Amino acid sequence: MTLQSFVALREGWTPGRAAAALSAAPTALTLSNVSRRSFLEILGLAGTFTVMAPLAAGAYEPYPTGGEAMPRGLVWDPKVFVSIAPDGTVTITAHRSEMGTGVRTSLPMVLADELGADWAKVKIVQAPGDEPTYGNQDTDGSRSMRHHIQTMRVMGAAVRTMLEQAAAKAWGVPPSQVEARVHVVVDKATGRQAGFGELAKAAMDLPVPPIEDLVLKPESAFRYIGKGNVPLYDMKAIVTGTAVYGSDVRRPGQLYAVVARPPVYGGRAKSWDAAAAKAVPGVVEVIEIPGTPEPAAFMPMGGVAVVGKTTWAAIQGREKLNVQWEDGPNASYDSAAYAKRMREIAAKPGKVVRDQGDAEAALAKAAKVYTAEYYQPHMAHASMETPHALAIVAGGRCECWAPAQSPYAVRTDLAKFLGLDPADVTVHVTLLGGGFGRKSKGDFALEAAYLSKAMGGAPVLLTWTREDDLRNSYYHTTSVERIEAGIDEKGKVVAWRHRSVAPTILSTFAPAEHQFAIELGMGLVDNPFDIPNLRCENGAIKNHVRIGWFRSVSNIPRAWAVQSFVCELAHELKRDHKELLLELLGPPRKIDPVAAGIEGELWNYGDPYAVYPIDTGRLRAVVELACEKAGWGRKMAPRTGLGLAVHRSFLTYVASVAEVAVGKDGTVTIPRIDTAVDCGYAANPERIRAQFEGAAVMGQTLCFHSAVTFENGRAQQSNYHDYEMVRMTNFPREVRVHIVPHPFSVPAAGVGEPGVPPIAPAIANAIFAATGKRIRDLPIDTRLLREA
Amino acid sequence: MAIEFTVNGRAVRVEAPGEMPVLWALRDILNLTGTKYGCGIGACGACTIHMDGKAVLGCVVQLREAAGKSITTIEGLDPEGNHPVQKAWAQLGVPQCGYCQAGQIMRAAALLAEKKNPTDAEIDEAMAGNICRCGCYQRIHAAVRLAATGV
Ligand code: FES
Ligand code: FES
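Protein chains in written order, with this note's numbering: chain U, 258 to 1045; chain X, 117 to 267.
With the rest of the complex left out, here is chain U (with noise of 0.2 Å):
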């Protein structure tokens, strides 16, 4: 999800103060009037921007994205982010994080392709936290393609140009008689050649030229670009078991430390045995870390901490800690009562967020009301690596070493946190683990640092065991979702009210007890259907626990809820449930958000709506893909079955197809999943396909297994043999990923999170065809499915 608006909160930036800056910015490079007019353009300030340079014939026109809007916005100089060197080897800065999407090798695989480098020659180095440098690092959001496609290959053409202008001159010929091909410049009317290395000093000593005389390479020339053939560039590392994780930092002299934090939030320790967890071997020290008051945002949630000389040491001597807590304001949180509260809230009126025509008088006269509830607990993201750092806090100074999916909030906390200048804080970003949002709190990078110091600057490298992981996380929201649908006599849905009853993100930062914007845009307002008369409702709770983000967040309990009742309503009706639900995504059109009655401004994941807006033309054809790969509508062997749900999010339309066969224990298996998604240009199609394979697996784990549940404010799941994950035992057997072809021109979307939110529906709409069983809670049980 775009963190945008939290960055936007914990730093009092405002988009005005960005317009501020950027007008004040030198405009020495010249690339960056790419940035003022499409930031312009999002601002609807576009015609206060008169003066315009002409564009060279072919030159690129770069599509606007909120990557402008972005804090420190988008980068387009080259010398930041590329060298050669005279050997030819061509060195690209990944900025982003890589946590398993293979964003870091396919960033500079745009970038080179587009400059002419042969991909053997390409190193990649990773930049740290550094966002006045590098542009926006935040890593989530599923923004990392579609926010910087277009400075990759703006900046891959720059160097290519600046290369074939340095032979030309060298040569004395003119630039046009030139043409850069793989990794060489050739004159083509000699023939002769000079290597990029060679160029590379001349080259790069040249003045930027301006994006309008770049002329991008026709697609058609693309050796990498929409592929799929590059390997990910860490493939050896990892295979051969030398990728370094933020698990994996060593430093000489380093300690380890794991931490005992209060088991409820907002609770603090009030006693322990410091002599005891000092007397088993390999302790050093025992360190308070104090806690911060709620809502605590990214800072440490306090606790004892353990220094020791390996982790062993460390866990062992927490052990003994014995330490006895005050469990604070949050002690009687129980997730079953707090069910119940929230399905009584979603009973009765909430905010209205949308208003779209008379949903109420249209129920009042409905012929028949339809209703349902859907229900999703609490899941904690269980990344395979758990949070990790290591930091050195000495001389004024720190150095860190963090699986952060967002270094440079990262330094600027540590920053805050340690009272130092951010120019003395370094954080070196190593490979995540897998992050699913986790990893863009920063709080683990704090506490390492709060224990570097008080050990007098020794390396601390602080592991979160798989318990704390749990117990302590920044927990999905947990939710229910009430959809009541209108029908008319002739069977046709005229009047749609959801209500959305869930604890928002927003109170890790501030009091608050309705959702915001980004949660309400993530399948709540933005719902695409043709029906005349549509209300979303929003209703007040407060949350008791840390709630963060998870890949594609509320998506999850919007298209669970959604996708279900339309199959519900498919039944009901006696629709065909394509049918049905192609009827309610209406004709191929773009959804006007102010004649749709959205309260305040929709919430685009952060990108211009004229760029991106929900064109139900989009979410038909993925429906139609899908079904058709999935032989939709074939006859089905009992107890099996083919379940259906469409789902838009992160800017991109995806349709999932599972098949389901549920045996007579109820055990429910899933030989095949089709996947249909339109993520605009698939820039990396063989990562994409990986995305969505993998999506399909966690919504599958998602649909039966996770939940995070809590008695007495405390987390009742401490590890994956009671919080388990979907294993090769009973995967998908075959997620077959179908990507919507597109030219460049159509922009790029969102790749990492999409995948999730419509298999959990899909599946139990399967199960639903399979065996009549209707699920409306998740996880599902399945003892419910057992033959009678």
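Just so you know, the hints here were simulated from the structure itself, not pulled from any lab data.
Errors might be hidden in some of the hints.
Computed footprint of chain U on chain X; a stretch qualifies when at least three of its residues, placed anywhere within it, have a C-beta under 8 Å from a C-beta of chain U [what the hints assert, rightly or not]:
#1 127 to 138
#2 169 to 183
#3 189 to 199
#4 226 to 235
#5 254 to 264
List of simulated lysine-lysine pairs, DSS-like, C-alpha gap at most 30 Å [what the hints assert, rightly or not]:
#6 X:K203 x U:K380
#7 U:K831 x U:K749
#8 X:K170 x U:K493
#9 U:K847 x U:K892
All values derive from a computational prediction rather than experimental measurement.
Note that CB positions come from ideal geometry on N, CA and C, so glycine has one too.
Please build the complex by placing chain X with the ligands on the supplied structure of chain U, with the hints as guidance.
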């Protein structure tokens, strides 16, 4: 307590309590960080290594049980990545974040050392202890098959 064993063909001597899991000795004393921590209770397979040729869980096996044994970690499987399992992994683009893959590869290599051509069900069963949160199972399964049939 000093415990001696070999790791990746090299004789080592570790000063540590005998009940320390091998995982932590490898990672924090020998600085062999390729073997990963995922759960510490034998539930995820991230710490899978070979002890005398058999796949074992580094977080479960205690140091004292390793005395005199020969341990292979991912770093020692084939540092060039030319083991058939590693090659199959690369060829099929198995990893996403990659964190679980050392354990997956070690588990698969042990399986194939024992059974040249396992059935699908045998692959499932052998790999069932290894969680991949990124959800790479389809490719893991296919890569085990590919490694078995020839890369
Ligand atoms: S860390 Fe050993 S099985 Fe999970
Ligand atoms: S590749 Fe990320 S956990 Fe397996």
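Broken hints, numbered, in rising order? 2, 4, 9
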